[in-house]
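Kindly produce the complete structure, drawing on both the sequences and the hints.
Now for the letters of each chain:
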Amino acid sequence: GDSVTQTEGLVTLTEGLPVMLNCTYQTAYSTFLFWYVQHLNEAPKLLLKSSTDNKRTEHQGFHATLHKSSSSFHLQKSSAQLSDSALYYCALRIASSSFSKLVFGQGTSLSVVP
Amino acid sequence: AQTIHQWPVAEIKAVGSPLSLGCTIKGKSSPNLYWYWQATGGTLQQLFYSITVGQVESVVQLNLSASRPKDDQFILSTEKLLLSHSGFYLCAWSRRGRYEQYFGPGTRLTVL
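Line order of the protein sequences matches chains A and B. Sequential numbering of the first sequence, starting at 1, is according to our numbering. Sequential numbering of the second sequence, starting at 1, is according to our numbering.
With a cut-off of at most 27 Å between alpha-carbon atoms, the simulated DSS-like pairs for lysine-lysine come out as follows:
hint	chain 1	residue 1	chain 2	residue 2
1	B	Lys26	A	Lys101
2	A	Lys45	B	Lys70
3	A	Lys45	A	Lys68
4	B	Lys26	B	Lys70
5	A	Lys68	A	Lys55
6	B	Lys80	B	Lys13
7	A	Lys101	B	Lys70
8	A	Lys45	A	Lys101
9	A	Lys77	A	Lys55
10	A	Lys45	B	Lys26
11	A	Lys55	A	Lys45
12	B	Lys70	B	Lys28
13	A	Lys49	B	Lys26
14	A	Lys68	A	Lys101
15	B	Lys80	B	Lys70
16	A	Lys68	A	Lys49
17	B	Lys28	A	Lys101
18	A	Lys45	A	Lys77
19	A	Lys77	A	Lys49
20	A	Lys101	A	Lys55
21	B	Lys28	A	Lys45
22	A	Lys49	B	Lys28
23	A	Lys101	A	Lys49
FYI, nobody ran anything at the bench for these hints, they're computed from the structure.
Structure (structure tokens):
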């Protein structure tokens, strides 16, 4: 069935180092993926959405590229900031349904330290 | 600009008591509306969706029900709370024909 896998539960980085959070997916249908960011005690906010195959999308310093060949949509940033510390979810839109169903990964907690 | 409100902000309820959580979206007509549940430390799970007034579909059964009495209002309820209902309840909306969803501020529910 349709699923999203985020392999890292916790990523701890020093400020200024690059960020890469992994997301792989499985679906038999057309592919739409999203990254959401959730700060402590807040609601998730849409960070990025996928475009066409092999096209990079960017927002607020983060970027991701949909690679259908490897079923991946990894989130990247060139230089981590303390304010990037949050929970990051990768989500897959289930295109077979008549409504916009999103399946979320388990989330990756990013902790950026000085 | 669209704004989404949820009420109450937080609730502490006893097992077996009833519950009603609300969501209102302003600034957007005929949105698709969704309810999500997030257990503490867990991922987001879609519970219900609605594409029009009076019509609600269930995605996951958690002994909860939902209703859409008005175009801009979505209600989540149950007659008897369970301990397992504790968590963060989020309302979300999307534009017709668009896939991205936007979340409200959420209601934190503690069942004792």
